[in-house]
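Two chains, two frames, some hints: make the complex.
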Amino acid sequence: MFNFDYNLAFSRNLGWLTKEEQLLLKNKRIAIAGMGGVGGEYLITMARLGIGKFTISDFDKFEVGNFNRQAGAFMHTIDKEKVRSMETQALSINPNLEISVFDKGINDNNLSKFLKDIDLYLDGLDIYAPEIRRKIFAYCADHNIPAITAAPIGMGVAILTFLPGKMTFEEFFGMKGKSELDQTIRLIAGISTARYHLKYVADPKAIDFENRKTPSTIMGIKLCAGVIGTTALKILLNRGKVLTAPRGIHFDAYTNTFKKTWMPWGYKNPIQKLIIAIVKKKLSTSKKRKNQYTIHIKTQI
Amino acid sequence: MKFDYNLAFSRNLGWLTKQEQEILRNKRVAIAGMGGGGGEYIITLTRLGIGKFNISDLDAFEVGNFNRQAGAFLHTVGVEKVRALEKQALSINPELDINVFDTGIKEDNIPEFLKDVDIYVDALDVFTVDIRIKIFDYCHKNNIPAITAIPMGMGVAALAFLPGKMTFEEYFRVKEKSQMEQTLRLVAGISPAKWHVKYIADHDEIDVQNHKVPSTPMGLKLCAGVLGTMALKILLKRGKVRVAPRGIHFDAYRNKFKKTWLPWGNNNPIQKLLLAFMRKKFITKSNYTFEKEQKKEIKKKDILKKTA
Chain P
85 MFNFDYNLAF SRNLGWLTKE EQLLLKNKRI AIAGMGGVGG EYLITMARLG IGKFTISDFD
145 KFEVGNFNRQ AGAFMHTIDK EKVRSMETQA LSINPNLEIS VFDKGINDNN LSKFLKDIDL
205 YLDGLDIYAP EIRRKIFAYC ADHNIPAITA APIGMGVAIL TFLPGKMTFE EFFGMKGKSE
265 LDQTIRLIAG ISTARYHLKY VADPKAIDFE NRKTPSTIMG IKLCAGVIGT TALKILLNRG
325 KVLTAPRGIH FDAYTNTFKK TWMPWGYKNP IQKLIIAIVK KKLSTSKKRK NQYTIHIKTQ
385 I
Chain H
1236 MKFDYNLAFS RNLGWLTKQE QEILRNKRVA IAGMGGGGGE YIITLTRLGI GKFNISDLDA
1296 FEVGNFNRQA GAFLHTVGVE KVRALEKQAL SINPELDINV FDTGIKEDNI PEFLKDVDIY
1356 VDALDVFTVD IRIKIFDYCH KNNIPAITAI PMGMGVAALA FLPGKMTFEE YFRVKEKSQM
1416 EQTLRLVAGI SPAKWHVKYI ADHDEIDVQN HKVPSTPMGL KLCAGVLGTM ALKILLKRGK
1476 VRVAPRGIHF DAYRNKFKKT WLPWGNNNPI QKLLLAFMRK KFITKSNYTF EKEQKKEIKK
1536 KDILKKTA
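Chains as they are written, first to last, in our numbering: chain P, 85 to 385; chain H, 1236 to 1543.
Here chain H stands alone, though its shape is the one from the complex (with noise of 0.2 Å):
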């Protein structure tokens, strides 16, 4: 069987003019990062019609992928995430023009990986912040339109950056921050809502220090969903898009949403109580499980020092 764009695409139109179908199918989308967010992200973004990527990603899938990443499957498991995304994609549209960086991003090759860009969609884990800093920087200085999203439980904020408006940096103030006290910003700065704390099934699993954060599928879908749609805004000129400091956050397990406001985003008075808050809560409480640890190792040796 042909692959053939207009049929495969067709069902699009409606919600799109054929002209905005075509303008789609020539735009070229960068993704860092091909796990939960990415993968979900170059999938939705295929079927939408987009015609040209740019994917990185440096890791490789596993079975501890399985419950939420888009290209996690048995025959999967130890092939490149990158590579196993790319075919994916092709699988739905043979056509497309895909550059993979398989290497990840680092400072040297983010002007090529962003090179003739018309969207950079963030997809990178809440922990690796510093070549997000920098990633965004570029689109900055460089025009180009770059948008986030963060699955929070079973919800979805999502905040865009466009061209000429408040920066990345201006929004989380995360540069040279210890890592922790960025991804700290960086979760209390798209989420000021904090809806998804209250139904935390059980905080002993939730470990910031070692980067283990749960995810569910269902807050991929959501992110999927809400970036796709805006991605087709920024890419088409049509309907208003929330800028930051404004984003939105909706959570479907409270059933609640909200249009997210941060004036001076992380700088904003009240917002600099939370962080205080937040950083008592969980930097102190994990240091404090550090402590209490090494402790235990130092009764242990004792015990051992005495039956010797």
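Pulled out of the complex, with its shape left as it was, chain P reads as follows (with noise of 0.2 Å):
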């Protein structure tokens, strides 16, 4: 075994980064809640960038059925845990980090231990986890902390980053006390507001709110890794320009479209109003007409 040399590790960044920023990079701790599809993601490409603390969270463990998408996923990995594993996986890339694993996921009890001396959230957390994941932001702007949010979409990525001081999550999403399928369809409405995606689905009967089941590309989850972590960046180090919300942006790499989008006042501008309204009422016509299917079946057995 031969010693691990940080800084002969991410020597490379340099030119990108100085040495005083990488070393500030390695001081810096940053909390992310999954550890799916893009949280995955998120762990090695800030490990890989020279982060050095890192608070991560999933209660799950990997299947088969991940392997499309997921960063830790692999057959020597199947019903482990995704925490665990991604634990031993960045270990692997830099054996001086110091990971805080919490391995039954996120609640009200555990939320401030959490988010604890952290610089930075990354929101990891899968489209049906709202109610979570709006007290987690809420944490958050309570508490100075910035926090980034990123979806892939199709094969795209639609960030939204939440600073102190500015419009918090709430605010533009306005997911309090709302029911879990509105807040779904609050968040789903809020972050692509392009909708460059709907263009190229290639199948919509694979697409299953009602049982969670939405189709997701590796490469819509590798564009959000190089687009947060980018962001990440510029906000740990404070420098260059971050568009912050109601601002975002949303890069489609099918379509080759790019689009800073920009809805003031979140979910309370009348356009988006009129989009929230519209998306339910799509997804309730698809589930009546689901509904009518099966029922047409089922009489003609």
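Quick caveat, the hints were computed from the structure, so don't treat them as lab data.
Restraint-style ranges between C-beta atoms, simulated for each label pair:
no. : chain 1 : residue 1 : chain 2 : residue 2 : range
1   : P       : Lys145    : H       : Lys1491   : 34 to 42 Å
2   : P       : Lys352    : H       : Asp1365   : 58 to 66 Å
3   : P       : Asn295    : H       : Val1432   : 45 to 53 Å
Every residue, glycine too, gets a C-beta built ideally from N, C-alpha and C.
If you want it as structure tokens, here you go:
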């Protein structure tokens, strides 16, 4: 076994970073909730960037169905806890990492412990965990912690950044006190205001919100990691211009389109209200259609 | 636990149809280079469900690769890059059919490397130009689509060369040039936008002459996202693909995107001006430092002589 040398391992970052900046990154702590598709990729990206401390969470185990997109999903990690596998993988990039592991996921009780002493929060929760996501972002806003969320949308990425003193997650999405379905709709409608991806959905039948089955590509996740990693670097080093909510970006590699999104007043924006209503209607009609279809089949049987 | 292809890649469905997934399963992708770009590409395309690969590299992993290369871990230090990535890909899809070229690509094994390949994904490093020209040449003559991307800082610039369209040489004009000039033309050709230049933090760390250029993991993730999408579109013949002299450049640091268009490639008169400017800036700059060091050494020798 040889001695691990931080400076050598991350030497090729220099040029895009100064030596002083690299040392700053070494002493930062990033929290990532969720070690699935985006979360796993974020941890590896940030570990390779040279971040020295992480707080990570997940309560799930890897399964074969994760293989198309999750950075920690391999034959030898099937049935292993996601947090533990990802911890091992990150440590084999930088054995000096300091990682706090939350293997039961995040709830009201451990929220403040999870976000203790962190410099930045990266959102790696899946789209069906809106309530705890809302609470994490609210805590970050109350405690002046920068927080970023990105969504892999088809073969593209949409990102929103929430910084202390700026518009909050709640002000943008308006999720407090809503039903889970409502929250999910607001989340989807809020983050992908450009909706480029709708043009190339190949099989709409495969998208099933009810059963929490939405498709996702590895390319979308790689793009998320690239974009969120860059934004994280800018925030942690206090350099470059960061677009904060209600502004964001949406880049789609399939349609080759890019947009600086801007939705002033967030969910209160009349246009956004309309979009939320449309998404809601679409989901309920597809549900109705599905129900009619099953009834139709049942009567035939 | 048993591996099941259909289950493993089921969550692609929706963005792909079942038939398309089955097509991808039977495609063969060649990737030359298993470093920063190549390692990301094979993992990305394996998770997309591609079933067959030809991969090459002649290097072994070292600690200096850790900041960006998908296969660089403590347990792969000293291990051949091709072997480490073959293993990693097989642990995502054990049914993969992978041909490994562990001595790299040379003129005589190009036909074997590109045999029965549906698309070539370029992942050679920026200083390997001669063999790159030959690979692209072979692809053109044998109607193999070929795509390339370069991580530019925290961004990506990508180009596709398709059968019957403008060739790699027609675009870059690198044949029979000095290696330095070739690298310059490659970089200038692929990223006419040059956005990354504005946020270089430390110019002293960039030394083109000694093949030392910095690179970020973010740039590589963006390359994987963009090239993977391009490969999908070409292999499934869907969506509009931008073909050289058209390309794209996306920069996550500057939040900028451009559909690049460089008619006549590096022979474009405006591009020629840019090349002249870059030549002056980089080549003469490094010549200058070289001369300066030589003078320093002469001075040292003089002092030594005097003290002796």
